[in-house]
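Take these sequences, add in the hints, and give me the full structure.
Protein chains: 2
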Amino acid sequence: MTFLEKIKHAQEKSHSILCVGLDTDWKSLPKKLDGEENPVVVFNKAIIDATKDVACAYKLQLAYYEAYGERGYAAVQETLASIPEHIVTIGDVKRGDIGATSEQYAYAYQEMFPFDAITINPLMGFDAAEPFLRRADRGVFFLGLTSNPGARDFEYLELSNGKKLYEEITDNVRAWNEPKKNAGLVVGATKPAELRALRERAPELPFLIPGVGTQGGTMEDVKAANGDGIAIVNVSRGIIAASKGADFAEAARAAAKKYT
Amino acid sequence: MTFLEKIKHAQEKSHSILCVGLDTDWKSLPKKLDGEENPVVVFNKAIIDATKDVACAYKLQLAYYEAYGERGYAAVQETLASIPEHIVTIGDVKRGDIGATSEQYAYAYQEMFPFDAITINPLMGFDAAEPFLRRADRGVFFLGLTSNPGARDFEYLELSNGKKLYEEITDNVRAWNEPKKNAGLVVGATKPAELRALRERAPELPFLIPGVGTQGGTMEDVKAANGDGIAIVNVSRGIIAASKGADFAEAARAAAKKYT
Chain A
236 MTFLEKIKHA QEKSHSILCV GLDTDWKSLP KKLDGEENPV VVFNKAIIDA
286 TKDVACAYKL QLAYYEAYGE RGYAAVQETL ASIPEHIVTI GDVKRGDIGA
336 TSEQYAYAYQ EMFPFDAITI NPLMGFDAAE PFLRRADRGV FFLGLTSNPG
386 ARDFEYLELS NGKKLYEEIT DNVRAWNEPK KNAGLVVGAT KPAELRALRE
436 RAPELPFLIP GVGTQGGTME DVKAANGDGI AIVNVSRGII AASKGADFAE
486 AARAAAKKYT
Chain B
236 MTFLEKIKHA QEKSHSILCV GLDTDWKSLP KKLDGEENPV VVFNKAIIDA
286 TKDVACAYKL QLAYYEAYGE RGYAAVQETL ASIPEHIVTI GDVKRGDIGA
336 TSEQYAYAYQ EMFPFDAITI NPLMGFDAAE PFLRRADRGV FFLGLTSNPG
386 ARDFEYLELS NGKKLYEEIT DNVRAWNEPK KNAGLVVGAT KPAELRALRE
436 RAPELPFLIP GVGTQGGTME DVKAANGDGI AIVNVSRGII AASKGADFAE
486 AARAAAKKYT
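In order, the protein sequence lines correspond to chains A and B.
Each number in our numbering comes from the position in the first sequence (counting from 1) with 235 added on.
Each number in our numbering comes from the position in the second sequence (counting from 1) with 235 added on.
Think of the hints as simulated: they come from the structure by calculation, not from any bench.
The C-beta atom is built at its ideal place from N, Cα and C for all residues, glycine as well.
No false leads were slipped in.
Derived lysine-lysine pairs resembling DSSO-like cross-links, with alpha carbons at most 30 Å apart:
(1) Lys458/A x Lys493/A
(2) Lys458/A x Lys399/A
(3) Lys266/A x Lys493/A
(4) Lys262/A x Lys415/B
(5) Lys267/B x Lys479/B
(6) Lys458/A x Lys287/A
(7) Lys398/A x Lys398/B
(8) Lys399/A x Lys399/B
(9) Lys280/A x Lys492/A
(10) Lys458/A x Lys415/A
(11) Lys399/A x Lys398/B
(12) Lys262/B x Lys415/A
(13) Lys287/A x Lys416/A
(14) Lys458/B x Lys287/B
(15) Lys415/A x Lys243/A
(16) Lys399/B x Lys398/A
(17) Lys415/B x Lys399/B
(18) Lys287/B x Lys266/B
Per label pair, the in silico range of CB-to-CB distance:
(19) Asp406/A x Pro384/B: 16 to 22 Å
(20) Lys493/B x Gly464/A: 52 to 58 Å
(21) Glu305/A x Gly462/B: 41 to 47 Å
(22) Asp372/A x Ser263/B: 23 to 29 Å
(23) Pro438/A x Met236/B: 51 to 57 Å
Given below as structure tokens:
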């Protein structure tokens, strides 16, 4: 199954474009999990069980697992293993390096941890991106326009050719997508006008859209701006931190349903 | 001790600006290490023992450790612990994400693994960079101009203000350096003319310079282009892959001495 087919299948089955962001911080878990050997795994499994019929994807922000020390490896592995096969798994790694190094990252996040898709930082250009694009069943979401204030520092800069940097990146990603149809763009939900314009610019690319919920974007604005394009909308804290109590999983489910 | 003081002290003690790049690939280690429980650790310790009097820094390319699976965490930890205290340790992670996520990465690579310096991708702007800049004893090398062909795709693009993107990044990094004097730039050795110009543009910033050896740059060209600025020149494969035989450590030492 190609990457695009997997997204479409997962979205048909869940009737949803919601991705649940497992940005699981081991330092602020519900007290209920005190004493567990690997509380992050227990937490993630409970969230997945509670939301798997209303989510088309789960995204693991790897930073939280890297900051989890020795237990982080098992946490990623066991979390991935507990996600139903038909749901899209996304490793939010934002890597990108010279070709030989990107090959190592591709091995780590496409083979060792078999994420269906990963996020990649495009700054270093094509040879840094290419190792991630070799498999048609592995998607690559390149940073297009991010949801944070610092997007103004470089991404919005106007080039001498009249384009903004994020538009130039988008045009390159469209070309990188051609051989295997496995590239996409990260586009922040906090910028609906730009999202609409990018959707017109790259109608064929799947978008991974963070920034709904805590960061301020709304699902309605995103859907209106995105139109008919393939999109996966990520919500993290708005779902996994809906309650810090013993009812965290039920609260996550209730929160997730509001986004479907 | 501040980050800059640590660099100066390490370079005075070693009479060298050489950084040995521990891009240790577990899939292609010398046969001598077959049967070791964690052969990457044994390899790295042997390289460190053989080169510690001629190197001012060691750089771990984290991609290789992430691709090493469960043993990667211990490999980073034990390698760091075996590097003499006065030598600069660099975690080549090229991370960068929204603020809350960058805080997790900062915890992972400045506290949990106490690298003296890390590499960071500046694309997402200041709020993504700021969490890494909070400690005066932790340096941050931002990608300025990289040594790979793909640098042409975005880094060299001309902006409407007349600067190239990498020059605009450099000017921002100079500002980010002001509060704590702990920022630097990654500048590829394969581009001596640009290195010279960047040195004039940012005389106060330490440069981390990869690309000498296998990638084609020479130490002589780098030293001439860099002039009096603080620079750390990284060589990886040219040293750690000097021999695949049982003499790999002696061969690494002989290779390293050529760069001092």
